[in-house]
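So for the sequence shown, the UniProt record's numbering puts the first residue at 1; every next one is plus one.
No wet-lab data here; the hints were simulated from the structure. Computed from a predicted model, the values in this text were never measured in an experiment. Do not rely on the hints blindly, as some may be mistaken.
If you anchor each label on the Cβ, the simulated ranges turn out as follows [claimed, not checked]:
| id | residue 1 | residue 2 | range |
| --- | --- | --- | --- |
| 1 | Asp-156 | Glu-41 | 22 to 28 Å |
| 2 | Asp-109 | Glu-133 | 22 to 28 Å |
| 3 | Met-20 | Ile-104 | 36 to 42 Å |
Straight-line Cα separation of at most 27 Å, DSS-like style, residue types lysine-lysine; simulated pairs [said to hold, decoys possible]:
| id | residue 1 | residue 2 |
| --- | --- | --- |
| 4 | Lys-29 | Lys-18 |
| 5 | Lys-43 | Lys-113 |
| 6 | Lys-18 | Lys-117 |
| 7 | Lys-123 | Lys-43 |
| 8 | Lys-57 | Lys-113 |
| 9 | Lys-140 | Lys-18 |
| 10 | Lys-18 | Lys-57 |
| 11 | Lys-140 | Lys-29 |
| 12 | Lys-57 | Lys-140 |
| 13 | Lys-43 | Lys-57 |
| 14 | Lys-140 | Lys-117 |
| 15 | Lys-117 | Lys-29 |
| 16 | Lys-18 | Lys-43 |
| 17 | Lys-29 | Lys-57 |
| 18 | Lys-18 | Lys-123 |
| 19 | Lys-29 | Lys-113 |
| 20 | Lys-43 | Lys-29 |
| 21 | Lys-113 | Lys-18 |
| 22 | Lys-140 | Lys-113 |
Positions of the beta carbon are idealized from the N, C-alpha and C atoms, including for glycine.
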Amino acid sequence: GSRLFDAGPVVDQGIVLKQMQILATASSKMVCGQVLDLQAEGKRVDQAALENIHRNKTGALISAAVMMAAVTVFDGCDQAIPTLREYAQAIGLAFQVQDDILDIISNTDVLGKTAGKDEQVEKSTYPALMGLEAAQDYAKTLHNQAFAALAYFPTDAAAELNQISQFLLARQS
1 GSRLFDAGPV VDQGIVLKQM QILATASSKM VCGQVLDLQA EGKRVDQAAL ENIHRNKTGA
61 LISAAVMMAA VTVFDGCDQA IPTLREYAQA IGLAFQVQDD ILDIISNTDV LGKTAGKDEQ
121 VEKSTYPALM GLEAAQDYAK TLHNQAFAAL AYFPTDAAAE LNQISQFLLA RQS
């Protein structure tokens, strides 16, 4: 087994198995998303195809982080798990939309990577597909979906998850 899981407090092995399944699925989706992303370079794809790429790529990793915690805390809770999955999927996609936007509006020093690279390698991006302003609106829509998903929880219980979503929308790099 993983030393990370061995060194921690005693955790139900069923939960550890669920976490490992979530991580394995996310890893597989990330590879699939990367392949789809590379295949789409230099091609114009529609929004559904672009979302498929990013839900599998960036979104899978972000969703895995949320869902691994969710099964630990809420295992057996019928409504909490799907609600957190909805939240995770929304912020995972919003992260990528914001990343595409920052590639255009930011600079290399702030980003920590080459600004404008997506356009140089002819990557399909949300701003290229729908325009910068519409992409910014879409990022806000996704964050609103994430906030709405958290309405299931008491406000104080969801505060940190709301802060994560707000940070992702406001980030500059």
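Taking the hints in turn, this is what the structure says about them:
1. The hint said 22 to 28 Å for the Cβ distance between Asp-156 and Glu-41, and at roughly 45 Å that hint is violated.
2. Distance hint check for Asp-109 and Glu-133: the Cβ-Cβ separation is about 25 Å, which falls inside the suggested range of 22 to 28 Å.
3. Hint check: Met-20 to Ile-104, Cβ distance near 38 Å, so the stated range 36 to 42 Å holds.
4. Proximity of Lys-29 to Lys-18 is assessed by CA-CA distance (about 16 Å); at most 27 Å being required, the pair is judged to hold.
5. Between Lys-43 and Lys-113 the alpha-carbon distance is near 23 Å, which keeps this suggested pair within the 27 Å criterion.
6. Under the criterion of a C-alpha separation no larger than 27 Å, the hint pairing Lys-18 with Lys-117 is inconsistent with the structure, at around 37 Å.
7. Restraint check for Lys-123 and Lys-43: satisfied, since their Cα atoms lie roughly 8 Å apart, inside the 27 Å limit.
8. Under the criterion of a C-alpha separation no larger than 27 Å, the hint pairing Lys-57 with Lys-113 is consistent with the structure, at around 19 Å.
9. The straight-line distance between the Cα atoms of Lys-140 and Lys-18 is roughly 31 Å, outside the 27 Å bound, and the hint therefore fails.
10. With a C-alpha separation of about 20 Å, the suggested pair Lys-18 and Lys-57 falls inside the 27 Å cut-off, and the hint holds.
11. This hinted pair checks out: Lys-140 and Lys-29 have alpha carbons roughly 25 Å apart, not beyond 27 Å.
12. The straight-line distance between the Cα atoms of Lys-57 and Lys-140 is roughly 20 Å, inside the 27 Å bound, and the hint therefore holds.
13. Of the supplied pair hints, the one linking Lys-43 and Lys-57 holds, its CA atoms being roughly 18 Å apart against a limit of 27 Å.
14. A C-alpha spacing of about 24 Å is found between Lys-140 and Lys-117, which places the hinted pair at or below 27 Å, so the restraint holds.
15. Between the alpha carbons of Lys-117 and Lys-29 the distance comes to roughly 24 Å, so the proposed pair stays at or under 27 Å and holds.
16. Distance check on the hinted pair: Lys-18 and Lys-43 sit about 37 Å apart at the alpha-carbon level, beyond 27 Å; violated.
17. This hinted pair checks out: Lys-29 and Lys-57 have alpha carbons roughly 6 Å apart, not beyond 27 Å.
18. Proximity of Lys-18 to Lys-123 is assessed by CA-CA distance (about 34 Å); at most 27 Å being required, the pair is judged violated.
19. With a C-alpha separation of about 24 Å, the suggested pairing of Lys-29 with Lys-113 holds against the 27 Å cut-off.
20. This hinted pair checks out: Lys-43 and Lys-29 have alpha carbons roughly 21 Å apart, not beyond 27 Å.
21. A C-alpha spacing of about 35 Å is found between Lys-113 and Lys-18, which places the hinted pair above 27 Å, so the restraint is violated.
22. About 24 Å separates the Cα atoms of Lys-140 and Lys-113, which keeps this hinted pair within 27 Å; it holds.
In terms of the numbered hints stated before, the structure departs from hints 1, 6, 9, 16, 18, 21, listed from lowest to highest.
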